[in-house]
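Enquirer: Sequence:
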Amino acid sequence: MKCTLISISLLLLSCNQNNSSNNHNNNKNCNIEAAKQSVLNLKEVQQKEKQISTLIGKDRVTYHTDSVLIKEKSFYEIQMRCNFPYKSQNIITFLVEKNHCENIFLERVDTLLPYSIYQKEQEANKPNKAHFANFFQQFKDDKLFQLQHSDSSVMLFSKEKDNTLIATEHPDFERYIKPLGAYSFIYYEDCVLCKEKNTNTILVFDRVKNNWSLNSIWQK
739 MKCTLISISL LLLSCNQNNS SNNHNNNKNC NIEAAKQSVL NLKEVQQKEK QISTLIGKDR
799 VTYHTDSVLI KEKSFYEIQM RCNFPYKSQN IITFLVEKNH CENIFLERVD TLLPYSIYQK
859 EQEANKPNKA HFANFFQQFK DDKLFQLQHS DSSVMLFSKE KDNTLIATEH PDFERYIKPL
919 GAYSFIYYED CVLCKEKNTN TILVFDRVKN NWSLNSIWQK
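Numbering-wise (my numbering), the sequence shown opens with residue 739 and increments by one.
Hint data in this document are derived by calculation from the structure and do not stem from the laboratory.
In this text the structure is predicted, and so the values were computed from the model without any measurement.
Glycine included, each C-beta is placed from N, C-alpha and C at the ideal position.
Check each hint, because a few of them may be wrong.
[To be verified] Straight-line alpha carbon distances no greater than 27 Å define the calculated DSS-like cross-link-like pairs of lysine-lysine that follow:
(1) K774 x K825
(2) K786 x K881
(3) K788 x K811
(4) K796 x K881
(5) K933 x K781
(6) K878 x K825
(7) K825 x K897
(8) K786 x K858
(9) K947 x K933
(10) K811 x K864
[As the list claims (entries may be wrong)] Here are the simulated distance ranges between beta carbons:
(11) A868 x M893: 23 to 31 Å
(12) Q876 x D928: 35 to 43 Å
(13) S805 x H869: 18 to 26 Å
(14) S890 x L807: 33 to 41 Å
(15) H802 x I904: 22 to 30 Å
(16) Q875 x P852: 36 to 44 Å
(17) I829 x F923: 41 to 49 Å
(18) Y801 x L918: 20 to 28 Å
(19) N767 x Q876: 50 to 58 Å
(20) Q785 x G919: 20 to 28 Å
Given these sequences and hints, build the entire structure.
Expert: Here's what the structure looks like:
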């Protein structure tokens, strides 16, 4: 019996040493490229790339990397940027703890929000897809509801034949709102794309807690 216990103890010790060694190696390999890859593996990032590709085409997303020091702690900064024809715009910034690529954060006012907590918050406030059809119908029929659920600066983006993107602020967006059956809907974590079936018009509704708000209109 003693021999058996000793053997098990040695086996557990060996496993712990191996795990410790593996963790050490993983941390040692957490360079800026590994940190970037940990961000690229996030579901939200992959969905955002698909959104941008749907709206303005492929190869529009770039990632800017840097090293930063926050509250005496070192991080890799990974910026996800969208290259519009007229400007480059930051979409979201991630902070990855150096030597710990699994520790990903979002920067908030005076604090760092762990990405795992952010995911839980998003999931807790996730709207019901079935609710969007009712929301859209009311959005179409109720002018006051439209104003309450539209961004203060709704933009219309029109893509010309030479791929020039023309931006119009505060368009008369009511004429772009068609009956519910005219659209197919693509649901993402942070928005819904409403693609008009007979044209290349796409309405983008951003998620706002457990509801939505019209953000922009895209024409190709």
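Enquirer: For each hint, tell me whether it holds in the structure or not.
Expert: Hints and how they fare:
no.: 1; hint: K774 x K825; in the structure: holds (23 Å)
no.: 2; hint: K786 x K881; in the structure: violated (30 Å)
no.: 3; hint: K788 x K811; in the structure: violated (33 Å)
no.: 4; hint: K796 x K881; in the structure: violated (35 Å)
no.: 5; hint: K933 x K781; in the structure: holds (22 Å)
no.: 6; hint: K878 x K825; in the structure: violated (32 Å)
no.: 7; hint: K825 x K897; in the structure: holds (15 Å)
no.: 8; hint: K786 x K858; in the structure: holds (18 Å)
no.: 9; hint: K947 x K933; in the structure: holds (22 Å)
no.: 10; hint: K811 x K864; in the structure: violated (33 Å)
no.: 11; hint: A868 x M893: 23 to 31 Å; in the structure: holds (29 Å)
no.: 12; hint: Q876 x D928: 35 to 43 Å; in the structure: violated (21 Å)
no.: 13; hint: S805 x H869: 18 to 26 Å; in the structure: violated (43 Å)
no.: 14; hint: S890 x L807: 33 to 41 Å; in the structure: holds (36 Å)
no.: 15; hint: H802 x I904: 22 to 30 Å; in the structure: holds (27 Å)
no.: 16; hint: Q875 x P852: 36 to 44 Å; in the structure: holds (38 Å)
no.: 17; hint: I829 x F923: 41 to 49 Å; in the structure: violated (22 Å)
no.: 18; hint: Y801 x L918: 20 to 28 Å; in the structure: violated (37 Å)
no.: 19; hint: N767 x Q876: 50 to 58 Å; in the structure: holds (52 Å)
no.: 20; hint: Q785 x G919: 20 to 28 Å; in the structure: holds (26 Å)
Of the numbered hints stated above, those contradicted by the structure are hints 2, 3, 4, 6, 10, 12, 13, 17, 18, listed in ascending order.
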